[in-house]
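So you can see what is in the structure, the chains are spelled out below.
4 protein chains.
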Amino acid sequence: MQRSKRDILERLNAGELIVGDGGMVLQLERRGYVKAGQWTPEAAVEHPEAVRQLHREFLRAGADVLQTFTFYCSEDKLELSGNVTNITGAQINEAACDLARAVADEGDALVAGCVSQTPCYLENRSEAVVKSLFKKQMQEFLKKDIDFFIAEFFRYAEEAAWAVEVLKTSGKTVGATMCISPHGDMDGLPPGDCAVRLVKAGADIVGVNCHLDPTACIQTVKLMREGLNQAGLKAHLMIQPLGCHTPECNLTGYISLPEYPFALECRTLTRWDVHKYAREAYEAGIRYIGGCCGFEAYHIRAISEELRTERGFLPPASDKHGLWGAALDMHTKPWVRARACREYWEHLLPASGRPKCPSMAKPADE
Amino acid sequence: MQRSKRDILERLNAGELIVGDGGMVLQLERRGYVKAGQWTPEAAVEHPEAVRQLHREFLRAGADVLQTFTFYCSEDKLELSGNVTNITGAQINEAACDLARAVADEGDALVAGCVSQTPCYLENRSEAVVKSLFKKQMQEFLKKDIDFFIAEFFRYAEEAAWAVEVLKTSGKTVGATMCISPHGDMDGLPPGDCAVRLVKAGADIVGVNCHLDPTACIQTVKLMREGLNQAGLKAHLMIQPLGCHTPECNLTGYISLPEYPFALECRTLTRWDVHKYAREAYEAGIRYIGGCCGFEAYHIRAISEELRTERGFLPPASDKHGLWGAALDMHTKPWVRARACREYWEHLLPASGRPKCPSMAKPADE
Amino acid sequence: MQRSKRDILERLNAGELIVGDGGMVLQLERRGYVKAGQWTPEAAVEHPEAVRQLHREFLRAGADVLQTFTFYCSEDKLELSGNVTNITGAQINEAACDLARAVADEGDALVAGCVSQTPCYLENRSEAVVKSLFKKQMQEFLKKDIDFFIAEFFRYAEEAAWAVEVLKTSGKTVGATMCISPHGDMDGLPPGDCAVRLVKAGADIVGVNCHLDPTACIQTVKLMREGLNQAGLKAHLMIQPLGCHTPECNLTGYISLPEYPFALECRTLTRWDVHKYAREAYEAGIRYIGGCCGFEAYHIRAISEELRTERGFLPPASDKHGLWGAALDMHTKPWVRARACREYWEHLLPASGRPKCPSMAKPADE
Amino acid sequence: MQRSKRDILERLNAGELIVGDGGMVLQLERRGYVKAGQWTPEAAVEHPEAVRQLHREFLRAGADVLQTFTFYCSEDKLELSGNVTNITGAQINEAACDLARAVADEGDALVAGCVSQTPCYLENRSEAVVKSLFKKQMQEFLKKDIDFFIAEFFRYAEEAAWAVEVLKTSGKTVGATMCISPHGDMDGLPPGDCAVRLVKAGADIVGVNCHLDPTACIQTVKLMREGLNQAGLKAHLMIQPLGCHTPECNLTGYISLPEYPFALECRTLTRWDVHKYAREAYEAGIRYIGGCCGFEAYHIRAISEELRTERGFLPPASDKHGLWGAALDMHTKPWVRARACREYWEHLLPASGRPKCPSMAKPADE
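Chains as they are written, first to last, in UniProt numbering: chain A, 1 to 366; chain B, 1 to 366; chain C, 1 to 366; chain D, 1 to 366.
It is worth saying that the hints were derived from the structure and are not from the lab. Small disclaimer: the values here were computed from a predicted structure and weren't measured. Any given hint could turn out to be false.
Same chains, same label: a pair holds when it works inside one copy or across any pair of copies.
[As the list claims (entries may be wrong)] Below are the EDC-like pairs computed for lysine to aspartate or glutamate, each with C-alpha atoms no more than 16 Å apart in a straight line:
{"#": "1", "residue 1": "Lys-168", "residue 2": "Glu-366"}
{"#": "2", "residue 1": "Lys-172", "residue 2": "Asp-193"}
{"#": "3", "residue 1": "Lys-356", "residue 2": "Glu-366"}
{"#": "4", "residue 1": "Lys-356", "residue 2": "Glu-158"}
{"#": "5", "residue 1": "Lys-168", "residue 2": "Glu-75"}
{"#": "6", "residue 1": "Lys-135", "residue 2": "Asp-76"}
{"#": "7", "residue 1": "Lys-136", "residue 2": "Glu-16"}
{"#": "8", "residue 1": "Lys-362", "residue 2": "Glu-310"}
{"#": "9", "residue 1": "Lys-168", "residue 2": "Glu-123"}
{"#": "10", "residue 1": "Lys-234", "residue 2": "Glu-46"}
{"#": "11", "residue 1": "Lys-143", "residue 2": "Asp-319"}
{"#": "12", "residue 1": "Lys-222", "residue 2": "Asp-7"}
{"#": "13", "residue 1": "Lys-333", "residue 2": "Glu-310"}
{"#": "14", "residue 1": "Lys-143", "residue 2": "Glu-79"}
{"#": "15", "residue 1": "Lys-144", "residue 2": "Glu-94"}
{"#": "16", "residue 1": "Lys-136", "residue 2": "Glu-106"}
{"#": "17", "residue 1": "Lys-168", "residue 2": "Asp-319"}
{"#": "18", "residue 1": "Lys-362", "residue 2": "Glu-123"}
{"#": "19", "residue 1": "Lys-200", "residue 2": "Glu-158"}
{"#": "20", "residue 1": "Lys-172", "residue 2": "Glu-10"}
{"#": "21", "residue 1": "Lys-172", "residue 2": "Asp-108"}
{"#": "22", "residue 1": "Lys-168", "residue 2": "Asp-187"}
{"#": "23", "residue 1": "Lys-222", "residue 2": "Glu-123"}
{"#": "24", "residue 1": "Lys-168", "residue 2": "Glu-106"}
{"#": "25", "residue 1": "Lys-356", "residue 2": "Glu-248"}
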């Protein structure tokens with residue numbers, strides 16, 4: 001397919017909706033390529049076919065952006081993990097860019113080079129050290145063909161702002177997301193102030209990702225928007241929430257749930273939860289809408305399907321999905337045929353099949 | 001890797017544990033390659049890379065057998081589905097054999113050619129018509145390099161027995177699984193009698209698959225075993241249950257649940273549920289232990305990990321998984337480190353995060 | 001009020017519905033007059049006003065029978081309990097008869113003298129010893145003005161039959177209820193055989209009480225009825241189930257639940273659950289319908305209200321209750337007014353307000 | 001028993017704990033004497049024995065104060081209810097005083113004359129009209145022997161303050177409770193400001209009652225305390241929460257729950273929930289601790305038992321209750337004996353036995 005000439009900012013400035021991709025590390029853990037606890041992305045080198053396939057699923061589901069599989073791929077984190085002995089961070093970063101690029105070009109997607117929080121930051125909070133880590137990653141990305149940057153999964157606005165400052169030296173567009181709750185970052189800085197700090201550092205797009213469910217994340221992005229408005233600043237808004245229900249969570253998000261990270265199944269969003277989320281995010285003025293951990297291809301497809309009118313088209317993978325379950329209308333059981341409609345799925349309260357389990361847990365940070 | 005010379009029966013006769021693979025159609029639906037409601041396997045031709053990757057995940061998770069992606073691939077079903085217009089059943093069956101074979105040979109796995117229930121059977125219950133459908137599929141498989149056959153997902157012992165009779169004409173080993181509950185098949189034939197019928201038809205391995213959770217499936221296989229014992233017959237036992245909790249289900253299994261097929265997330269087994277299942281199945285004397293819809297690679301890995309001592313080795317994907325969560329022991333949060341042990345996960349009662357949802361539903365067939 | 005001349009058998013033989021009373025010990029425990037664990041009825045002597053008031057509530061709710069407050073009032077049980085030091089069993093039995101009689105005569109109710117299982121039985125299973133205990137209690141009752149006898153809360157058909165045999169020597173009508181599940185008594189005797197044994201011993205009315213919820217109790221009484229039919233015997237059927245939901249329970253009933261006896265609140269039936277129960281019991285041919293532990297006055301009133309047409313009248317306490325919530329139609333909040341109808345309450349799935357609690361427990365006898 | 005000479009203020013000033021009584025109307029509705037929807041107290045005249053018995057249960061459970069059964073007993077409310085045709089408000093108010101007094105004197109309890117919100121207030125917000133209603137009630141109370149006043153169940157601080165101003169003209173001690181959430185009264189006045197207003201109006205004791213569960217009510221009283229502190233005012237604090245779990249509730253409290261008022265059983269506090277509540281209320285500095293709707297005698301006994309050391313004695317009804325279930329230690333089942341301890345009950349998560357029901361509802365005022 002011919003590459004679109006328009007970049008991410010051009011599209012957002014034109015009022016277009018950008019559908020983001022879903023979560024890589026949690027899904028690749030389940031597929032057998034990422035180690036939980038460390039969550040490092042060496043699979044980009046070790047098992048490129050697995051990474052490529054997951055990128056492709058998101059592309060088919062309608063993602064306009066593929067993020068490089070470079071989560072936690074700073075030198076300090078890789079070393080700490082002890083997980084990657086004969087592969088360098090540079091190798092992973094470069095391989096990841098190639099993988100994302102190749103799949104993106106199977107369609108019309110953009111590639112975002114991604115950096116995330118560093119262990120170093122908490123150790124010494126040294127601007128020079130942390131920025132040098134981001135600079136190294138950035139330089140590796142710039143050897144490859146990426147379209148813009150995303151600095152994601154930051155718990156501290158300060159570190160996120162440093163990342164943005166480094167990435168802006170490239171001259172490329174920079175998005176920045178924080179994994180924070182409506183209460184603010186881990187220093188207690190409210191979401192509105194975080195957003196202001198990020199935009200002042202140079203971010204073109206700001207928002208939240210991971211750690212909390214769509215309801216909480218939309219609330220946080222709204223607070224960011226209000227903060228920007230009050231400061232007289234402007235930026236595009238993005239959101240990539242957790243694909244799990246986390247109504248009990250506080251500051252540290254789903255990490256604090258007893259189910260993290262190996263028993264989150266019961267909490268997983270259905271595709272219908274995602275329809276609701278996509279609509280609410282859109283109505284909140286957010287125009288970059290994707291997912292993080294727990295968002296699989298069919299969740300991204302649900303974003304694309306909910307917003308098909310606003311966007312003007314359905315994604316390739318909708319060839320294999322009847323809108324609102326329409327393909328059930330030929331089922332042999334009448335009671336299944338009755339489910340081939342929006343009303344059924346929109347009102348369903350799904351049962352857990354686990355009568356001995358509670359419906360809410362006590363977070364460890366309470 | 002050098003192909004093992006020993007076939008499935010040789011291994012089972014020697015008392016070896018065979019780890020089966022997981023579910024293809026439900027997972028490929030989520031990845032965007034299979035249409036729910038029809039569930040036909042045209043992706044083997046349309047998107048071979050997606051099928052190949054899923055096979056590979058199961059292989060890495062420890063599967064000793066890869067089943068061809070040929071579910072519902074009889075001519076009558078394909079036609080009914082209206083889903084496959086310019087691809088023939090023969091093309092799919094043959095492509096699927098090649099895909100499974102190629103991935104199986106990346107390790108040391110066997111390939112099972114699979115047939116399943118036909119819409120024809122219920123229309124007229126004509127032995128000649130139904131057998132001719134199975135014969136056609138078998139001949140397509142025999143053009144390729146498969147190791148043995150599995151006739152799976154049968155609701156009627158009669159149709160399953162017909163499939164077995166056809167497949168036995170190949171001279172190859174035949175396994176047969178039914179998607180029935182402890183109450184028996186849809187004609188009311190108890191599991192013990194179903195098993196007797198299948199073994200008399202020539203099945204070397206009998207058991208159940210799909211439709212019900214591990215607890216129900218183990219109970220059904222035990223009833224099959226008792227039936228065989230009482231009839232003085234012998235056969236190996238296999239099990240490939242649903243990867244969802246279905247405590248409310250009756251005869252028709254999870255099809256009757258309100259959550260079928262688009263809101264089953266809350267019911268999904270955790271890997272720890274699978275440890276329990278694998279142990280119980282093993283203790284029930286079952287030696288072919290796998291999964292069906294809902295079983296992803298990490299569920300199959302959990303079978304391999306639970307039975308690592310009995311089997312003598314861990315699968316490749318365990319390189320990316322600490323046993324019982326051991327890899328969490330380096331986490332920065334002390335409360336997450338405390339989860340790096342068997343006791344934690346074995347006793348966890350996971351919350352759904354959905355306080356407005358019930359824990360059990362009313363099946364549609366009640 | 002003038003006493004009706006017709007006794008219990010006359011009424012039942014005429015096809016009349018008899019509404020039983022509710023549970024005394026659990027309710028008087030909550031009111032501060034009975035000690036849980038021992039459950040002995042010394043309050044009949046110590047606090048007659050409290051017993052009288054509870055009888056009166058059941059009378060006003062429509063009870064046609066008041067059972068004497070003589071549960072566990074055999075000499076051996078009283079002694080074991082260590083709970084009653086300066087009061088004799090005879091004093092309690094006699095006081096209890098007077099209390100029930102006086103309140104019954106405020107309306108048109110009958111008084112049933114009640115005996116229940118004895119600790120002695122399990123110690124030695126001596127017919128002579130156990131029968132002498134029942135004989136002593138019976139003689140005390142016969143000094144007073146009671147209308148008929150009920151032998152209740154028996155776990156063994158043998159002991160229940162002995163009680164019936166003793167009580168029949170009085171020449172009075174005898175009802176007998178067992179606290180058993182559909183699986184049968186603690187010796188494994190099925191409900192049908194239990195019923196046959198009781199009727200052969202002389203019981204005019206047979207059924208179940210306590211230990212399990214309405215659903216299970218109705219099932220057990222149906223099995224009793226079938227047993228009697230098959231044996232060519234006839235008896236009236238009665239039922240006085242537990243006022244709690246016990247779907248997980250087995251042989252030993254709610255005693256085995258973790259919540260017994262001090263955390264049963266969440267399991268308590270609503271009045272609407274009782275409407276459903278009363279209808280189902282009636283449709284099962286049961287004509288003596290009451291309750292046991294957990295049934296308060298408003299539950300008994302719900303029986304009376306559900307079966308008001310069959311019975312021809314509403315009870316006095318319905319002056320203070322709009323049928324199906326009708327009295328809410330003048331509420332100031334529109335959303336409460338909308339609840340003034342049958343449809344609302346019949347379909348309500350009440351929430352527990354306890355998201356950290358499970359919906360089912362593991363019984364201790366599993 | 002000899003009447004204590006010390007009045008309520010004397011006791012509170014001396015730092016004594018005052019145990020309040022429980023809820024009358026909800027309990028008498030269940031017993032068949034009060035009509036839900038109207039909730040008027042005509043039973044004081046129609047069925048004095050029922051009111052007397054409930055007072056007595058609270059007294060035996062340790063209540064230091066018996067509130068007159070005069071809820072909603074203003075002329076305008078009685079007329080609106082249409083429930084009381086041949087009895088005057090004066091008759092009810094006077095009969096209720098006599099009943100409370102007589103039972104209080106069976107022990108050493110005080111009698112509080114109670115007034116509550118009037119329908120008039122919302123109609124016209126006329127100070128003169130509303131005050132005249134309270135004045136009439138007060139004069140009826142003053143004909144009888146009451147110890148102090150409580151103005152309770154006010155949703156608006158303004159109306160509550162008017163009630164206090166009227167009652168203070170009697171020269172007696174006045175307590176005032178509002179049925180508000182931590183968000184404040186229905187005019188949006190925060191709890192701290194409500195408390196200030198009440199104390200300035202003359203209230204000696206302020207706090208909350210009804211509508212919300214202990215957790216929410218403690219939070220509201222704390223906010224009242226802070227408000228008083230900031231204003232440099234002093235008052236004793238009281239609390240009489242709802243006996244149901246209401247985690248989802250907002251401003252209008254349990255009225256907005258779908259279960260109100262006829263399906264609240266699942267939400268009812270256990271005695272162990274009350275232990276926790278009593279401790280937390282005490283630690284929050286509240287010294288008048290009782291309950292409202294849903295608090296039965298055994299809940300009040302649990303307050304008395306939790307705070308037995310602080311108070312120096314156990315109530316009469318504890319003769320029929322082993323502390324923390326101690327009386328179970330002689331049970332015949334070992335698994336029940338194991339429950340005769342604090343640890344068991346403190347950690348129990350009680351199951352609802354209702355797997356088809358949710359654990360949280362959507363309030364109607366959301």
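Hints versus structure:
no.	hint	verdict
1	Lys-168 with Glu-366	neither (38 Å within a copy, 44 Å between copies)
2	Lys-172 with Asp-193	neither (24 Å within a copy, 54 Å between copies)
3	Lys-356 with Glu-366	between (23 Å within a copy, 14 Å between copies)
4	Lys-356 with Glu-158	neither (44 Å within a copy, 36 Å between copies)
5	Lys-168 with Glu-75	neither (20 Å within a copy, 58 Å between copies)
6	Lys-135 with Asp-76	within (13 Å within a copy, 60 Å between copies)
7	Lys-136 with Glu-16	neither (33 Å within a copy, 51 Å between copies)
8	Lys-362 with Glu-310	neither (39 Å within a copy, 31 Å between copies)
9	Lys-168 with Glu-123	neither (25 Å within a copy, 63 Å between copies)
10	Lys-234 with Glu-46	neither (41 Å within a copy, 45 Å between copies)
11	Lys-143 with Asp-319	neither (36 Å within a copy, 31 Å between copies)
12	Lys-222 with Asp-7	neither (25 Å within a copy, 55 Å between copies)
13	Lys-333 with Glu-310	neither (35 Å within a copy, 40 Å between copies)
14	Lys-143 with Glu-79	neither (23 Å within a copy, 51 Å between copies)
15	Lys-144 with Glu-94	within (7 Å within a copy, 40 Å between copies)
16	Lys-136 with Glu-106	neither (29 Å within a copy, 37 Å between copies)
17	Lys-168 with Asp-319	neither (39 Å within a copy, 38 Å between copies)
18	Lys-362 with Glu-123	neither (29 Å within a copy, 45 Å between copies)
19	Lys-200 with Glu-158	within (12 Å within a copy, 48 Å between copies)
20	Lys-172 with Glu-10	within (12 Å within a copy, 62 Å between copies)
21	Lys-172 with Asp-108	neither (19 Å within a copy, 48 Å between copies)
22	Lys-168 with Asp-187	neither (24 Å within a copy, 50 Å between copies)
23	Lys-222 with Glu-123	neither (31 Å within a copy, 39 Å between copies)
24	Lys-168 with Glu-106	neither (28 Å within a copy, 45 Å between copies)
25	Lys-356 with Glu-248	between (19 Å within a copy, 10 Å between copies)
Hint compliance for this structure: hints 1, 2, 4, 5, 7, 8, 9, 10, 11, 12, 13, 14, 16, 17, 18, 21, 22, 23 and 24 are broken, all remaining hints hold.
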